[in-house]
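Chains as they are written, first to last, in this note's numbering: chain A, 12 to 157; chain B, 4 to 363.
Careful, some of the hints might be misleading.
As the list claims (entries may be wrong) - For lysine to aspartate or glutamate, the following EDC-like pairs were computed, each having C-alpha atoms within a straight-line distance of at most 20 angstroms:
| no. | chain 1 | residue 1 | chain 2 | residue 2 |
| --- | --- | --- | --- | --- |
| 1 | A | 76 | A | 65 |
| 2 | A | 63 | A | 148 |
| 3 | A | 76 | B | 186 |
| 4 | A | 68 | A | 109 |
| 5 | A | 68 | A | 150 |
| 6 | A | 76 | B | 185 |
| 7 | B | 363 | A | 109 |
| 8 | A | 68 | A | 16 |
| 9 | A | 68 | A | 149 |
| 10 | A | 50 | B | 271 |
| 11 | A | 50 | B | 185 |
| 12 | A | 50 | B | 175 |
| 13 | A | 76 | A | 66 |
| 14 | A | 76 | B | 274 |
Claimed, not checked - Simulated restraints on C-beta separations:
| no. | chain 1 | residue 1 | chain 2 | residue 2 | range |
| --- | --- | --- | --- | --- | --- |
| 15 | B | 339 | A | 18 | 50 to 56 angstroms |
| 16 | B | 319 | A | 18 | 47 to 53 angstroms |
| 17 | B | 344 | A | 14 | 46 to 52 angstroms |
| 18 | A | 20 | B | 111 | 50 to 56 angstroms |
| 19 | A | 47 | B | 64 | 44 to 50 angstroms |
| 20 | B | 322 | A | 14 | 19 to 25 angstroms |
| 21 | B | 343 | A | 52 | 56 to 62 angstroms |
| 22 | A | 109 | B | 322 | 36 to 42 angstroms |
| 23 | A | 143 | B | 324 | 48 to 54 angstroms |
| 24 | A | 14 | B | 237 | 22 to 28 angstroms |
| 25 | B | 264 | A | 28 | 58 to 64 angstroms |
| 26 | B | 245 | A | 47 | 37 to 43 angstroms |
What the hints assert, rightly or not - If you want a taste of the chain B side facing chain A, the calculated C-beta under 8 angstroms gives, among others:
| no. | residue |
| --- | --- |
| 27 | 180 |
| 28 | 184 |
| 29 | 283 |
| 30 | 285 |
| 31 | 286 |
| 32 | 297 |
| 33 | 299 |
| 34 | 301 |
| 35 | 302 |
No lab work stands behind these hints, which were simulated from the structure alone. Where a beta carbon is used, it is the ideal one built from N, C-alpha and C, also for glycine.
Residues per chain are reported as follows:
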Amino acid sequence: MHSMETQRRSLVGWLLGGGLTASVISFLYPAVRFMQPPKVPEASINETVAGKIDEFKPNSGTIVKFGNRPALLIRVNETEWRAFNAICTHLNCTVQFEQPTSQIWCACHNGRFDINGQVVSGPPPGPLEEFQVRIREDEVFISKRA
Amino acid sequence: MRSSSPSARKQIVNWIEERTGWGAVREFIEHKKVPIHSATIWYYFGGITLFLFLIQVLTGILLLLYYRPTPNEAYESVQFIMTQVEFGWLIRSVHGWSANLMILSAFIHMFSVVFLHSYRKPRELTWLSGLALLGLSLAFGFSGYLLPWNTIAYFATKVGTDMAAAVPLVGDWLARFLRGGDDVGGATLTRFFGFHVAVLPGVTTILLLVHLALVQRFGMSSPPWVGPGNDKQMGFFPNFFLRELMAWYAALAVLGSLAALFPLELGEKADPFAPAPAGIRPEWYFLAPFYTLKLIPSRVWIVDGELLGLVGFSLIAVWWALLPFWASNRDGIVKVRRVTGAGVALLAYLATFSYLGYVK
Ligand code: FES
Chain A
12 MHSMETQRRS
22 LVGWLLGGGL
32 TASVISFLYP
42 AVRFMQPPKV
52 PEASINETVA
62 GKIDEFKPNS
72 GTIVKFGNRP
82 ALLIRVNETE
92 WRAFNAICTH
102 LNCTVQFEQP
112 TSQIWCACHN
122 GRFDINGQVV
132 SGPPPGPLEE
142 FQVRIREDEV
152 FISKRA
Chain B
4 MRSSSPSARK
14 QIVNWIEERT
24 GWGAVREFIE
34 HKKVPIHSAT
44 IWYYFGGITL
54 FLFLIQVLTG
64 ILLLLYYRPT
74 PNEAYESVQF
84 IMTQVEFGWL
94 IRSVHGWSAN
104 LMILSAFIHM
114 FSVVFLHSYR
124 KPRELTWLSG
134 LALLGLSLAF
144 GFSGYLLPWN
154 TIAYFATKVG
164 TDMAAAVPLV
174 GDWLARFLRG
184 GDDVGGATLT
194 RFFGFHVAVL
204 PGVTTILLLV
214 HLALVQRFGM
224 SSPPWVGPGN
234 DKQMGFFPNF
244 FLRELMAWYA
254 ALAVLGSLAA
264 LFPLELGEKA
274 DPFAPAPAGI
284 RPEWYFLAPF
294 YTLKLIPSRV
304 WIVDGELLGL
314 VGFSLIAVWW
324 ALLPFWASNR
334 DGIVKVRRVT
344 GAGVALLAYL
354 ATFSYLGYVK
């Protein structure tokens, strides 16, 4: 008799607890999902016009828009060009071209890359992603490497 | 006429007493005691932190009247506050300075708890809730830093949220959650604003009440060397209370002069298509980890440098949080030397690395 009573109680306890847990989860789940931002398809662009040739001086670097990301376009000399994804491979800062040393420099943690995007010093774990530069007539085009 | 007024007052007091039971609270306050010894002065810093938090709430509400949390308007609205709104520069400056002082005072409070060994049984939960409050203060600082939408804050936030991405397994999820998208942008600003003015204040208030209730429950602890033999005490009310009030007044004086003499600057508006400027650095209380990160090479043997740093910081944090549990032996005797040594070591690390992070 006594044990039946206890059994019934623990059954009721389980049902109540289970029901409560289930409803808490059913409230929380949508809220947690809501907090996670939806993936917005990125307008993936493969090519962009950076500007006219004579806007860029030899031994200089400029940040240009590549879609909604920054790219670093470097005019090494009269004929040579380079372009990189300007996002540092370390922690996401935007890099810049440093004229006196002709290196690419990230101010955030003093990371340095050479003119080919390879790490020279500092914390960046890998090279910058390189883009292709093409000149058509007097315009400079940047594109992703295939 | 004269004799009727005290009885009228008494009647009012009685009326309120019957409906609130306020007398018990008064009784409690009257009997509350604070121990007196050579280190009593350190007891004031918890209260000062609380006071500065209240200032944060007040000035924060004022700033809310003009601030707009979108990338196109945030910087301009802060500029408006600083140049057009009367005393706007002062309110913003007080908010910023008070944030810094509050975190400083919280750190002093924490270290004084360590060096006076006040974390001892039964105050483990007080310690833990205090640490959680410190964590929340840092989150306040991190989220508030971005709100003016200037260059420094923009890149500091990029770096900070990218560090979250290095957390094993959940890193990407966490970084996206913090940024409200793949990159720091308008969505991040909206989100940080929400954290800063709603989520964090709510959680902090609850935790603060818990912390204060625990402090009330157990009273102020005396350091182990003062011993139970010493029963020099002062009444909380009015003796300690008035002294605390003086401390608040002093804090207010420091805050007011700093805010007026060194008003907060705004810097330049964030531009996602500008390179990170030289001299990027986070708020001073993040300098130590920031500088440590700068020193760790990108790869240590086969481990990713960032990950190594992150694991290191987490281990230190856990070790520190568990302090009350490793600080005493089975008989409840505090290993004073060991704890003091640990406290000094941590303090030395934070001080040197913050300094190096600042000057380099
Ligand atoms: S983000 Fe570029 S060096 Fe750290």
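key: Violations among the numbered hints   = Going through the list in order, the structure violates hints 8, 10, 17, 19, 20, 24, 26, 30 and 31 and respects the others.
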